[in-house]
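Visitor: The primary structure of each chain is shown beneath.
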Amino acid sequence: MIFERITLHNFQRYRGENSIEFPAPGKASSIILVLAPNNSGKTTILYALRFLFYGHLAGYDRETAWNLATDLCRSTTPLGEDIEVWVEARVSIGGEPPITLRRSLQTRQISAGRWKTEGPFLFHKKTDRPNEKFQVDADGSLQTQIDAAVPQELFSWFYFAGEPAEGKMSHGNSRALVEPLKKAIQLRRWTDAIHTASAVHTSLKAKLQKEAKNHGEYANLLNKKDLVSRSKSDVVSGLATVQREIQDLQRSYSDIDGECLRTSKKAEESQKLFQRLKDQELKRDRAAGTLDQANAEISSLISKSAGMPLLAPVLPAIEKRLEALRKANLLPADISKGFIERLLRASNCVCGRVHDHGAKEHLEAYLKKTLATHTNNDLVNLANALEGGQDSRVISLIARYPGDLSRQLGKKSDAIRALADSKAAIEELTPQVKASSIEEFNKLVRRREEISREFRAKEKSRDELEGRLRTQEDSLKTINADLAKARPKRGAEEASKLENAIAIAERLVANLRKGQQQFQDAVYELLQERLRQHFDSTVTGGNRAKLDRDTLLPVIVDPADNIVKNPGGGEMQVLSIAFVAGLAELRTKINADLKKAGLAGRLLGEQSFVLDSPFTSADHNYMRAIADFLPNKAPQLLVLLAKQNWPDTVREALEPHIASAYGVTLHTSADAHDASSFEFQIGKKSVSLRKELRAGETAYTTFEKIF
Amino acid sequence: MATPLNPLQKFFTDLPPKDRDLLVLCLDLQLTMSKSRSDEEKQDLLEARILKQVD
Numbered sequence: 034m035i036f037e038r039i040t041l042h043n044f045q046r047y048r049g050e051n052s053i054e055f056p057a058p059g060k061a062s063s064i065i066l067v068l069a070p071n072n073s074g075k076t077t078i079l080y081a082l083r084f085l086f087y088g089h090l091a092g093y094d095r096e097t098a099w100n101l102a103t104d105l106c107r108s109t110t111p112l113g114e115d116i117e118v119w120v121e122a123r124v125s126i127g128g129e130p131p132i133t134l135r136r137s138l139q140t141r142q143i144s145a146g147r148w149k150t151e152g153p154f155l156f157h158k159k160t161d162r163p164n165e166k167f168q169v170d171a172d173g174s175l176q177t178q179i180d181a182a183v184p185q186e187l188f189s190w191f192y193f194a195g196e197p198a199e200g201k202m203s204h205g206n207s208r209a210l211v212e213p214l215k216k217a218i219q220l221r222r223w224t225d226a227i228h229t230a231s232a233v234h235t236s237l238k239a240k241l242q243k244e245a246k247n248h249g250e251y252a253n254l255l256n257k258k259d260l261v262s263r264s265k266s267d268v269v270s271g272l273a274t275v276q277r278e279i280q281d282l283q284r285s286y287s288d289i290d291g292e293c294l295r296t297s298k299k300a301e302e303s304q305k306l307f308q309r310l311k312d313q314e315l316k317r318d319r320a321a322g323t324l325d326q327a328n329a330e331i332s333s334l335i336s337k338s339a340g341m342p343l344l345a346p347v348l349p350a351i352e353k354r355l356e357a358l359r360k361a362n363l364l365p366a367d368i369s370k371g372f373i374e375r376l377l378r379a380s381n382c383v384c385g386r387v388h389d390h391g392a393k394e395h396l397e398a399y400l401k402k403t404l405a406t407h408t409n410n411d412l413v414n415l416a417n418a419l420e421g422g423q424d425s426r427v428i429s430l431i432a433r434y435p436g437d438l439s440r441q442l443g444k445k446s447d448a449i450r451a452l453a454d455s456k457a458a459i460e461e462l463t464p465q466v467k468a469s470s471i472e473e474f475n476k477l478v479r480r481r482e483e484i485s486r487e488f489r490a491k492e493k494s495r496d497e498l499e500g501r502l503r504t505q506e507d508s509l510k511t512i513n514a515d516l517a518k519a520r521p522k523r524g525a526e527e528a529s530k531l532e533n534a535i536a537i538a539e540r541l542v543a544n545l546r547k548g549q550q551q552f553q554d555a556v557y558e559l560l561q562e563r564l565r566q567h568f569d570s571t572v573t574g575g576n577r578a579k580l581d582r583d584t585l586l587p588v589i590v591d592p593a594d595n596i597v598k599n600p601g602g603g604e605m606q607v608l609s610i611a612f613v614a615g616l617a618e619l620r621t622k623i624n625a626d627l628k629k630a631g632l633a634g635r636l637l638g639e640q641s642f643v644l645d646s647p648f649t650s651a652d653h654n655y656m657r658a659i660a661d662f663l664p665n666k667a668p669q670l671l672v673l674l675a676k677q678n679w680p681d682t683v684r685e686a687l688e689p690h691i692a693s694a695y696g697v698t699l700h701t702s703a704d705a706h707d708a709s710s711f712e713f714q715i716g717k718k719s720v721s722l723r724k725e726l727r728a729g730e731t732a733y734t735t736f737e738k739i740f
Numbered sequence: 046m047a048t049p050l051n052p053l054q055k056f057f058t059d060l061p062p063k064d065r066d067l068l069v070l071c072l073d074l075q076l077t078m079s080k081s082r083s084d085e086e087k088q089d090l091l092e093a094r095i096l097k098q099v100d
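Chains Z and P supply the protein sequences, listed in that same order. Here the first sequence stands for residues 34 to 740, where the numbers follow this note's numbering. Here the second sequence stands for residues 46 to 100, where the numbers follow this note's numbering.
For reference, chain Z alone in the conformation it holds in the complex (with noise of 0.2 Å):
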């Protein structure tokens, strides 16, 4: 369906007639641009939509039909005076030349809160002249017409607000719209063309059955002929179904082997990443033991000296006493403070002179100053050994201890800090390996696996059926000239032509079958195409769309091809775009080889896109990436955005591309909202988008021309 126009007309909050005009299809610019402040009334665009195509509106019935008429007028319209509301579009549909079709209703108040209403009506007519008058679709098919161009359950596809298809796509409950589609796209047309030509052959059997009911030779070879057909029919069938089956594994083994070089690639230098972070790990795990021998190795050192090496650091005040006492001549090699006591408490010297008071004297300051002051017993002893090295052990322990411990200590501090380094370069390595695509490649190639052993599996079965049909056509020659021999001689030019007659329509069945799936391969692989080019090369990460054969639905997969369920980002935007882009293509395509095989009817006709806040959960990039990838994806895309989604990366990105751009003005009073929200950057002007209200009114929206 392509738009010249589009009117709204006293419709919910549009006062008076509101006009979107839009450029031809074909022109270098594709897009009208519609910039709304919020709840300004852009979504009402789409519903104006969905009114005119279908007559009603979630929310409306009968009674509250009135409720459609734009506030302001409600409040300003006489009691009893008509109200008229509708949406009005000049349309090409399927290619047609272009009509006028308006949907509209006339609503009154009777009475204080009681309103009488009286429609919608569909009508149309053929010029935009004004004196040619609407005529009412009275016969409904111009309904039909629209509803064939536009399946009510596919609107939100065409026409999305922010979530596209209304979610269905990604939560898996996307099924309900598999047979509106099918339709859509004519497939269905196949479906009941072999329900036709299935009933014709099984009428023609019934017919020649009649024929040889007294025949019973030549009614059981057709019966048997039957048979075998039937079941040739079904390995036909199965022999299709295994053939496209290993296609598919063909490409989801090429996308995923794909997938693994590329991955490998980056796995080379995972591989690497992962080799260096085990060489630290190995690192720290040397580190940590050498520390632990060294604690160990200094534990025992302090263990064995019995507290010895604590004297270590005096052991030169030592010798310098021993040296001081040598030069006194007090060298205490030979005494001690038990012999110095005892001399003290006897009244006589050992060589007996009486010990007098100076003697006592001394001897005391010697007690006092050289054993009891500055150095005890076990000193004495100690400096009795150093003296005549009597205690080896002792004395080899002191030696070699500091130097032990040096080392001991050395080793304990290299230790700290190889571990310390190494913890430093696993901590950062980590986080890198993790991210790294080790793991995924693995997935990859476990995934590539199981789809070469599937592959080999459905070989099997297709060589299996191919065994079976060659005998299937074999007996069914011999029960051709069987049936040729036991044909009764009477009324044998009639089943001889009922005979070929059945032929004919069991061909036309196969036919028709094949036909079906020719097309649906066809339908699948434009598509599939598109997809490949529209959405894969647009999202970032790997993710891919890929295409149901049966249902011709699109889903997101990730690398390795599992369903993604909540794909983030935008991605459903860009998946949604890059599906109805794909079936617009896909019409011109399919119509052309349909024409070329002198087939009539039209698949979808030529479609516009409205996509009301196509960025919507989009974060930044995608926002970008999808305002890089709407232009020219369909011959018109109008395209409806809050400020909040118009920033300058979006701005550039999309006006070289504008054809023409509106602005939804709210007439509001100027207290009530910050006036910066209305503010609007287009091209090189700035707009404001909101009006002032006269007094008495209420708030109401109209277009403005932009740009």
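Read the hints as simulated data drawn from the structure, not as lab findings. Computed from a predicted structure; not experimentally measured. Just so you know, even glycine gets a beta-carbon here, dropped at the ideal spot from N, CA and C. Any given hint could turn out to be false.
Unchecked claim - Just some of the chain P residues that point at chain Z, by a computed CB distance under 7 Å:
no., residue
1, Phe57
2, Asp59
3, Gln75
As the list claims (entries may be wrong) - Below, in silico cross-link-like pairs of lysine to aspartate or glutamate (DMTMM-like), each with a Cα-Cα straight-line distance of 20 Å or less:
no., chain 1, residue 1, chain 2, residue 2
4, Z, Lys240, P, Asp89
5, Z, Lys240, Z, Glu526
6, Z, Lys629, P, Asp59
7, Z, Lys717, Z, Glu688
8, Z, Lys738, Z, Glu314
9, Z, Lys298, Z, Asp591
10, P, Lys97, Z, Glu527
11, Z, Lys530, P, Asp89
12, Z, Lys547, P, Asp64
13, Z, Lys240, P, Glu85
14, Z, Lys629, P, Asp64
15, Z, Lys243, P, Asp89
16, Z, Lys547, Z, Asp583
17, P, Lys55, Z, Asp554
18, Z, Lys215, Z, Glu186
19, Z, Lys299, Z, Glu473
20, P, Lys63, P, Asp100
21, Z, Lys628, P, Asp66
22, Z, Lys215, P, Asp73
23, Z, Lys530, P, Asp64
24, Z, Lys666, Z, Glu526
25, Z, Lys216, Z, Glu497
Based on these hints, arrange chain P on the given structure of chain Z.
Guide: For chain P alone, kept in the frame of chain Z given last:
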């Protein structure tokens, strides 16, 4: 250089003319404008066409 036929085109091209006529007829019978025809009418029409081919 001629564009190679896609499988759908090839399918139609490879059909013998009489088979193709029947297939096209059968598909055309399912179009929206033929919806007013009952299933029986469609079947009769197709059967008559098949029998005519045999004559």
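Visitor: Regarding the pair Lys215/Z and Glu186/Z, is the alpha-carbon distance no greater than 20 Å?
Guide: holds, 12 Å
Visitor: Does Lys629/Z pair with Asp59/P here, judged by a C-alpha cut-off of 20 Å?
Guide: Cα-Cα ~13 Å, so holds.
Visitor: Check whether the Cα positions of Lys240/Z and Glu526/Z lie no farther apart than 20 Å.
Guide: Holds, at roughly 14 Å.
Visitor: Would you check the hint for Lys629/Z and Asp64/P, treating anything up to 20 Å between C-alpha atoms as holding?
Guide: The hint holds at about 16 Å.
Visitor: Given the hinted pair Lys215/Z and Asp73/P, is their alpha-carbon gap at most 20 Å?
Guide: holds, 17 Å
Visitor: Given the hint that Lys547/Z pairs with Asp64/P, does the C-alpha gap stay at or below 20 Å?
Guide: holds, 13 Å
Visitor: Hint check: Lys628/Z vs Asp66/P, CA-CA at most 20 Å. Holds or violated?
Guide: holds, 14 Å
Visitor: Does Gln75/P meet its interface restraint, that is, does its C-beta lie within less than 7 Å of any C-beta in chain Z?
Guide: Holds, about 4 Å.
Visitor: Run the distance test for Lys530/Z versus Asp64/P: straight-line Cα separation, threshold 20 Å.
Guide: holds, 17 Å
Visitor: Do the numbers back the hint for Phe57/P, that is, is its least Cβ distance to chain Z under 7 Å?
Guide: Phe57/P check passes; min Cβ-Cβ to chain Z is 4 Å, inside 7 Å.
Visitor: Take a quick look at whether Lys738/Z and Glu314/Z sit within 20 Å of each other, Cα to Cα.
Guide: Violated, at roughly 67 Å.
Visitor: Has the given pair, Lys240/Z with Asp89/P, been kept, meaning a C-alpha gap of at most 20 Å?
Guide: holds, 13 Å
Hint compliance for this structure: hints 2, 8, 24 and 25 are not met, and every other hint is.
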